[in-house]
Amino acid sequence: MTEFWHRAGPVLTMILLLVALWYAAAVALNAAWAKDKAARANMSLSFSELVADTMSQEKPLLPAPHQVVKEIYNTTVLKKITSKRSLIWHGWITLSATLLGFAFGTALGILLAIGIVYSRAMDMSVMPWVITSQTIPILAVAPMIIVVLNAVGVSGLLPKAIISMYLSFFPIVVGMVKGLRAPDQMQLDQMRTWNAGGATTFWKLRLPRSMPYLFASLKIGIAASLVGAIVGELPTGAVAGLGARLLAGSYYGQTIQIWSALICAAVLAAGLVALIGLIERITLRKMGMLQ
Amino acid sequence: MKWVLLAFLFWLVMCAVNVRLANGVQTRLTRVLVPTLFGVTLLILWEGLVRGLSISPILLPPPSSIALRFATSLPILWGDFVQTFIKGAISGYIIGCGAAFLTAIAVDRSDFLKRGLLPIGNFVAALPIIGMAPILVMWFGFDWQSKAAVVVIMVFFPMLVNTVTGLGAQDVIQRDLMNTYGASYWQRLMKLSLPAAMPFIFNGLKICTTLALIGAIVAEFFGSPIRGMGFRISTEVGRLSLDMVWAEITVAALAGTAFYGTVALIEKAVTFWHPSQRN
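Chains as they are written, first to last, in the working numbering: chain A, 101 to 391; chain B, 221 to 499.
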């Protein structure tokens, strides 16, 4: 138990502090509007009235945490999942694009990494471009991909998934190249003394050895993939998905809606990363790489 | 059809040349030549396919027309570059990384803060922070200030986590040596902790270069004055003049690579002692 508090205590303190800060900021930022409203009605506000008003505005500059929680509760538990106002429905649309893109990106990344590790020519020609491409703001291409694919007749899930794939495949290539090259000379020599061919060396040595690297990249990749799906939803004109909720919220000044979509995206990201962490622990334990 | 055949022929020839070069003797020249040939081949393949299959320029303009567009609209591109990169990305990058650096030094003094903030920092670094963009645009207005604010928030946590990790990266033996010298906190910070943290700090700075540019561009999708790279991309996509979009993407790519390269060069000068910098 003390071990638990030693680790969780500081984190919980920090979270409480952040929530307190959030409330303070909400009061400070929304006070101007509350005072303005009161002045127009020829009333003066006492401090407690002012605080109460800043916490219950309909379009506050910064909604208080409990307003956001209430909105999330209203749009997840109280709405039917099939309703267009349900956050779960929007979240599912974003999640499906994220997962599809992530699957594409992982497959492409691993294949490319295998090619790079086994072919000198590919290593020398492709690798510098993979590294350079990481310095390019790929997200800027997102609107174009959506619109162009739309013009060809491809719409819905696939264009978003392609952006997700683009974002998630770079970390996986870099991680897997590192991982597949991780076996040292001695282990490779050992495989050679056993007269193992290229395929055997790959399946029995290189691939198992690369697993820790793969999972580290998968965690970065899935977070990037979610960002890709959200940004991919922006240019289609706010139809569906968490990104659409963000954009619609910013058009109509619905700050509470923006924040609830944002928190939903954060929970989704944290959940996905945690899920991969869990799979990582189970896999590595089964492989005997984790005590 | 002629164009397609020519393009594929060129591709095959270049493929053979590259395999030849890669498997031959390695010199400095081949290490630059091979990736360059690969890039040029991709461009020629793109050009040949677009022309040969007569793909509409609304879908995919050939590189030649992008280059033409780039050359003829330099003033617009420069204006967008200044608005997004110099005003939005760079100012946000400096403020965000500077704030994260100072916070990290403060956090490093307290074990409690470190244990409390690091997990949160790691968590936030994985979040889709770019979603904060509409809120910040609402708070700071349409001009570059809101873009800089998005960049500040995006770069803060990766930079914080990297710097805090770096400040704890000395060996026990080095810390003992500073103790035997009777070094004060500031002496230890300046002579040991900071230099030892430099590889980590530069790692964070390099990650943040890309994040800064992405943040500044995507924030413009949520509202901006009538210039800026993100603004230009979203409006020109709407007008289906994709050559302009590609020209803008070229600018973004060049700016991103140059930014990253500059930071990498500074890193090379500062952390010349680190094993990864020695050949």
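One or more hints might be untrue.
[Unchecked claim] With a cut-off of at most 27 Å between alpha-carbon atoms, the simulated BS3-like pairs for lysine-lysine come out as follows: (1) B:Lys488 <-> A:Lys278; (2) A:Lys319 <-> B:Lys411; (3) B:Lys334 <-> A:Lys319; (4) B:Lys426 <-> A:Lys278.
It is worth saying that the hints were derived from the structure and are not from the lab.
Taking only the CA atoms, is the gap from B:Lys426 to A:Lys278 under or equal to 27 Å? holds, 19 Å
Next pair to validate is A:Lys319 with B:Lys411; report whether the Cα-Cα distance is within 27 Å. violated, 35 Å
For the pair supplied as a hint, B:Lys334 and A:Lys319, confirm whether the alpha-carbon distance does not exceed 27 Å. holds, 23 Å
Pair hint outcome, B:Lys488 versus A:Lys278 [Cα-Cα no greater than 27 Å]: Roughly 22 Å between the alpha carbons, so the hint for B:Lys488 and A:Lys278 holds.
When the structure is compared with the earlier hints, a violation turns up for hint 2 alone.
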